[in-house]
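Chemist: Residues per chain, in single letters:
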Amino acid sequence: MTLARRTLATLALLALLALPLVAGKFYVDLIAKVMIMAVFAMSLDLLVGVTGLVSLGHAAFFGLASYVLVLVAPDPYTAVSLWTSLPLAVGACALAALAIGALALRTRGVYFIMVTLAFSQMGYFVFHDTKIAGGSDGAYIYVKPSASVGGWSPFDLNSGAHFYYAMLALLVLVFVFLRMLLASRFGHALRGIRSNEQRMRALGFNTYCYKLAAFTIAGAIAGLAGYFAAVQFGFVNPEMLAWHQSANVLLMVILGGMGNLGGAIVGAFAFVLLQDLFSSLTKHWPLLMGGFVILAVMLLPGGLTRATETWRFWRFGRRHG
Amino acid sequence: MTSIEGRKQRRRVIKALGAAGALGALGAPVAALAQASKLKVGFMLPYTGTYAALGRAIENGFKLYVKEQRGKLGSREIEYFTVDDESEPAKAPDNVNKLIKRDNVDVIVGTVHSGVQMAIVKAARDNNTLLIIPNAGVDEATGPLCAPNIFRVSFSNSQPGLAMGLVAALKGYTTAVTITWKYAAGEQSIGGFKETFQKGGGKVLKELYVPFPNVEFQALLTEIASIKPSCVYTFFAGGGAVKFVKDYAAAGLKDKIPLLGAGFLTDGTLDAQGAAAEGLLTTLHYADNLSTPRNNAFRLAYAKAYDSKADVYAVQGYDSAQLLGIGLRAVAGDIAQRPLLIGAMASAEIDSPRGKITLSRSHNVVQDFYLRQVQNGQNNAIGLAAKSLADPGRGCSMG
Amino acid sequence: MDLPIFLIQTLNSVQYGLLLFLIASGLTLIFGIMGVINLAHGSFYMLGAYAAFVLSGLTGSLFWAIALGVPLAVAFGYLLEWIFFSFLYRRDHLQQVLLTYGLILVFEELRSLAVGDDVHGVSVPATLARSVALGSTMTYPVFNLFISGVCLVVAVLLFVLLQRTRLGMMIRAGASNREMVRSLGVDINLLFRVVFALGVALAAFAGMVNAPASSVYPGMGNQVLIICFVVVVIGGIGSVTGALVAALMIGFVDTFGKVFLPDYAGILVYLLMAVVLVWRPEGLFRESRA
Chain A
4 MTLARRTLAT LALLALLALP LVAGKFYVDL IAKVMIMAVF AMSLDLLVGV TGLVSLGHAA
64 FFGLASYVLV LVAPDPYTAV SLWTSLPLAV GACALAALAI GALALRTRGV YFIMVTLAFS
124 QMGYFVFHDT KIAGGSDGAY IYVKPSASVG GWSPFDLNSG AHFYYAMLAL LVLVFVFLRM
184 LLASRFGHAL RGIRSNEQRM RALGFNTYCY KLAAFTIAGA IAGLAGYFAA VQFGFVNPEM
244 LAWHQSANVL LMVILGGMGN LGGAIVGAFA FVLLQDLFSS LTKHWPLLMG GFVILAVMLL
304 PGGLTRATET WRFWRFGRRH G
Chain B
2 MTSIEGRKQR RRVIKALGAA GALGALGAPV AALAQASKLK VGFMLPYTGT YAALGRAIEN
62 GFKLYVKEQR GKLGSREIEY FTVDDESEPA KAPDNVNKLI KRDNVDVIVG TVHSGVQMAI
122 VKAARDNNTL LIIPNAGVDE ATGPLCAPNI FRVSFSNSQP GLAMGLVAAL KGYTTAVTIT
182 WKYAAGEQSI GGFKETFQKG GGKVLKELYV PFPNVEFQAL LTEIASIKPS CVYTFFAGGG
242 AVKFVKDYAA AGLKDKIPLL GAGFLTDGTL DAQGAAAEGL LTTLHYADNL STPRNNAFRL
302 AYAKAYDSKA DVYAVQGYDS AQLLGIGLRA VAGDIAQRPL LIGAMASAEI DSPRGKITLS
362 RSHNVVQDFY LRQVQNGQNN AIGLAAKSLA DPGRGCSMG
Chain C
-17 MDLPIFLIQT LNSVQYGLLL FLIASGLTLI FGIMGVINLA HGSFYMLGAY AAFVLSGLTG
43 SLFWAIALGV PLAVAFGYLL EWIFFSFLYR RDHLQQVLLT YGLILVFEEL RSLAVGDDVH
103 GVSVPATLAR SVALGSTMTY PVFNLFISGV CLVVAVLLFV LLQRTRLGMM IRAGASNREM
163 VRSLGVDINL LFRVVFALGV ALAAFAGMVN APASSVYPGM GNQVLIICFV VVVIGGIGSV
223 TGALVAALMI GFVDTFGKVF LPDYAGILVY LLMAVVLVWR PEGLFRESRA
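Same order as they appear, the protein sequences are chains A, B and C.
All residue numbers for the first sequence refer to this note's numbering, where the first residue is 4 and numbers rise by one.
All residue numbers for the second sequence refer to this note's numbering, where the first residue is 2 and numbers rise by one.
All residue numbers for the third sequence refer to this note's numbering, where the first residue is -17 and numbers rise by one.
Possibly wrong hints are sitting among the right ones.
Selected chain B positions facing chain C (Cβ under 8 Å, derived; list incomplete) [stated by the list, open to error]:
#1 G50
#2 T51
#3 Y66
#4 Q70
#5 N105
#6 T175
#7 E217
#8 A220
#9 L221
#10 K244
#11 A251
#12 L254
#13 A273
#14 A276
#15 R395
Lysine-lysine pairs mimicking DSSO-like chemistry, simulated, CA-CA at most 30 Å apart [as the list claims (entries may be wrong)]:
#16 A:K36 to B:K99
#17 B:K310 to A:K134
#18 A:K134 to B:K357
#19 A:K36 to B:K68
#20 A:K286 to B:K357
#21 A:K147 to B:K92
#22 A:K28 to B:K68
#23 A:K286 to B:K204
#24 B:K41 to A:K28
#25 B:K255 to B:K310
#26 A:K286 to B:K64
#27 B:K68 to A:K286
#28 B:K357 to B:K64
#29 B:K388 to A:K286
#30 A:K28 to B:K92
#31 A:K28 to B:K102
#32 B:K64 to A:K134
#33 A:K36 to B:K229
#34 A:K134 to B:K207
#35 A:K147 to B:K102
#36 B:K310 to A:K286
#37 B:K310 to A:K36
#38 B:K204 to B:K92
#39 A:K28 to B:K39
#40 A:K286 to B:K255
Think of the hints as simulated: they come from the structure by calculation, not from any bench.
Every residue gets a Cβ at the ideal spot worked out from N, C-alpha and C, and that includes glycine.
Isolated chain A (complex conformation) (with noise of 0.2 Å):
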């Protein structure tokens, strides 16, 4: 990372760590659901922007995971543990990530993307359709998991800030997580498949292996993120699954710049705020989304976090090349 990002990046981290100190209850829950959505968006870059798998259907772990919590509950009243619900959600998810992967990974391009677009969807109407858990209506979580181990407590996720604070630290463990398995033998593979995948295996990779690999790191990660969105609005339903969150969390990646994680974290706030922000000025805001969409994959089709090397190229072309 250049010096210039390197300040900008720690500067956001400690303007992250003070915004509890300063702004409201409101905002304070915002921008913990835009930390969330970040590590999910982080996830899929791994998929798409490293390994050049494009999938459609990577909200079927963010929702699995949420309704595991639902599920594992004795009844919406009780506390469950965090240190037992999330790693059996995590795990649900990388096993169901492992399962679909096996058979995803069977065809390529365009099938691929239509093959993970319907599984999401097969996921969206098993929890749509049957009585598993409160179908379309979705389901509530009432009392928050405990941290407790044991008697003793580090943190209680019922208050705002200390819920802030849990997801700014997952968010930079996962952060840490992903850049250490990208400089990797393993993170250089992918990189090798997503620029010419004929080529890796002619080096002897089994590169259906990695790709698998990749796909239920990606959908565990996922997962971590499902859990935690369910736990801050207490509330699960089948849209978490549905394909327009899939959608969403794409254009997050391809927003913010695919393959470097700075650019799904970039994007994940970019599209959550812009939301917000378009939400409020008028009734008629996916107007504006769709429209926004549409100019930033046009103009910048290399994200925020490339902006300034599109700008080059838009100026000066391509004799610097």
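Given the coordinates of chain A, assemble chains B and C onto it according to the supplied hints.
Modeler: Chains B and C in isolation, oriented as in the chain A frame:
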């Protein structure tokens, strides 16, 4: 006590008295300011989608009462905030948050869709906001999730079904098939019907469901024709009700298999349904032809103000305003006086166009349910289906 | 389930399948010939339905509404391709997905601004507002038979166009090998524009003709879009025959699923797609590229 300590103590006492006096002086105008400032009423209603007409009717009914009270309830002027909930449960938590956290409303009036209502009830409980439910009958709101600050002036989902089940059993129908949208309101309405119908000796052969707000009924109508029950019980409302009644007639089932419905099937929809609805039997806590002075005056005023016929939703909106008015009058507009406000509202006797109504312990309405038949484009009461039917309030731990 | 009821449900399945075929055929041609993933295809169906609502309100007759609406749809498709979609050919699939997703949002809100968000019924024309007796208990609305009939006629016309005309020949060639067609000197831009307009018109026509049966409501395009993608993927991208077979399969699975396994009806269609793709990853009738 030495004189030095005595002086110190006196100074402390004087300082304390002075501070108290200053606060008191500040406090009084603040309290008066609170009463002079407008009361914030937040409408969370569907203004779009299949239930849009219902949302509008509720708002119209509410505002009609406020207008009749010269724009004030309990000497407070009203400031309205609205959020369109689109009858979408997925967006509901965000939408109700806007009213509570962004607009800081004093009371929420909403909504129609039972799934959306769950989100509002949860938010009202979490934030201790006053909530008046003008329609959604989701059983939980006056059941396991009841709370002192939650009131309902409409009905609970199972009530019309409970009433119709009694009617069907009395009429001698032995078997039934039910059809409705697959969400809380539909399921609970069917549950009510099943309970009384089965107690009366009937049997529900099959329960058919359509995803909300889908209106493609053809395959399921064919299935009903295949099963040949002695009657069909249904719950639909708004746009869906219009389509279902018309499709049922077009499938030739209307004259072969009697269609029984929760009253929403024909309330506010008769103009669109036309001849297809003639003769249909429904149960509801309101009928167009209730010839009381109160109802007649209400219907006239509503027609004059909004150029359309009043329906049950307008009545419920009107009664929401009445209930709020009763509470505010008891506390002279000071909505911060919760215990007194809630006590007044809970023991209120509301002079509703549907008749005098009171609230049960779980804050749901106790009322008569009429058996109605569609005659010449009107829902006319032809008898009483159930008297003073209180919602069972199962699971409510209040009172 | 006795025979008359089985036959009626078959009728319901075929009606749904043929309707899906009309919409999906346009999608598969656009996909196959231009290589563009168009998520906004469902919006054309929705716009057609709303056009039927508005035009039948103005002219008083559904027939006139369709007669006016179809040319409007063709013109709209032509213009849309020219102004917007021609820029999508060079983009990769991911960008196409997002750009057309943005287009869905724009169309929905423009419709909301123009006509509002209420649910509307469209009246069945008086001549078709009868029912015929089928079996002892129920009657079948004549209009539903009309829908099936019309869709069948259009399907036949489409096949004639594709198999027996020069234009059809170019379209089929373009679906199987785009580059070759271009290098053979065919005006590819014009061909694309015509195909796109055809696709839009088919989807809009389906919306118009089905409007009395389905009602007109916001979001109706989204539901139909996903199912159409499933049809295209099962049938094979670019294959109109495949779209017909797949659409009919889905019509049956969906209709009988609703009756026998209502809780799982939604999942069955996607299960079918997953199974087909695992067995034949490129669809049932995929025309192999030279």
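Chemist: Decide, hint by hint, whether the structure agrees.
Modeler: We went through each hint and held it up to the structure:
no.: 1; hint: G50; in the structure: holds, 7 Å
no.: 2; hint: T51; in the structure: holds, 5 Å
no.: 3; hint: Y66; in the structure: violated, 26 Å
no.: 4; hint: Q70; in the structure: violated, 31 Å
no.: 5; hint: N105; in the structure: violated, 28 Å
no.: 6; hint: T175; in the structure: violated, 17 Å
no.: 7; hint: E217; in the structure: holds, 6 Å
no.: 8; hint: A220; in the structure: holds, 5 Å
no.: 9; hint: L221; in the structure: holds, 7 Å
no.: 10; hint: K244; in the structure: holds, 6 Å
no.: 11; hint: A251; in the structure: holds, 5 Å
no.: 12; hint: L254; in the structure: holds, 6 Å
no.: 13; hint: A273; in the structure: holds, 7 Å
no.: 14; hint: A276; in the structure: violated, 11 Å
no.: 15; hint: R395; in the structure: violated, 26 Å
no.: 16; hint: A:K36 to B:K99; in the structure: holds, 15 Å
no.: 17; hint: B:K310 to A:K134; in the structure: violated, 39 Å
no.: 18; hint: A:K134 to B:K357; in the structure: violated, 39 Å
no.: 19; hint: A:K36 to B:K68; in the structure: violated, 41 Å
no.: 20; hint: A:K286 to B:K357; in the structure: violated, 39 Å
no.: 21; hint: A:K147 to B:K92; in the structure: holds, 20 Å
no.: 22; hint: A:K28 to B:K68; in the structure: violated, 36 Å
no.: 23; hint: A:K286 to B:K204; in the structure: violated, 48 Å
no.: 24; hint: B:K41 to A:K28; in the structure: holds, 20 Å
no.: 25; hint: B:K255 to B:K310; in the structure: holds, 26 Å
no.: 26; hint: A:K286 to B:K64; in the structure: holds, 22 Å
no.: 27; hint: B:K68 to A:K286; in the structure: holds, 27 Å
no.: 28; hint: B:K357 to B:K64; in the structure: holds, 20 Å
no.: 29; hint: B:K388 to A:K286; in the structure: violated, 44 Å
no.: 30; hint: A:K28 to B:K92; in the structure: holds, 19 Å
no.: 31; hint: A:K28 to B:K102; in the structure: holds, 8 Å
no.: 32; hint: B:K64 to A:K134; in the structure: violated, 39 Å
no.: 33; hint: A:K36 to B:K229; in the structure: violated, 52 Å
no.: 34; hint: A:K134 to B:K207; in the structure: holds, 17 Å
no.: 35; hint: A:K147 to B:K102; in the structure: holds, 20 Å
no.: 36; hint: B:K310 to A:K286; in the structure: holds, 28 Å
no.: 37; hint: B:K310 to A:K36; in the structure: violated, 45 Å
no.: 38; hint: B:K204 to B:K92; in the structure: violated, 38 Å
no.: 39; hint: A:K28 to B:K39; in the structure: holds, 24 Å
no.: 40; hint: A:K286 to B:K255; in the structure: violated, 41 Å
In summary, the numbered hints that this structure violates are 3, 4, 5, 6, 14, 15, 17, 18, 19, 20, 22, 23, 29, 32, 33, 37, 38 and 40.
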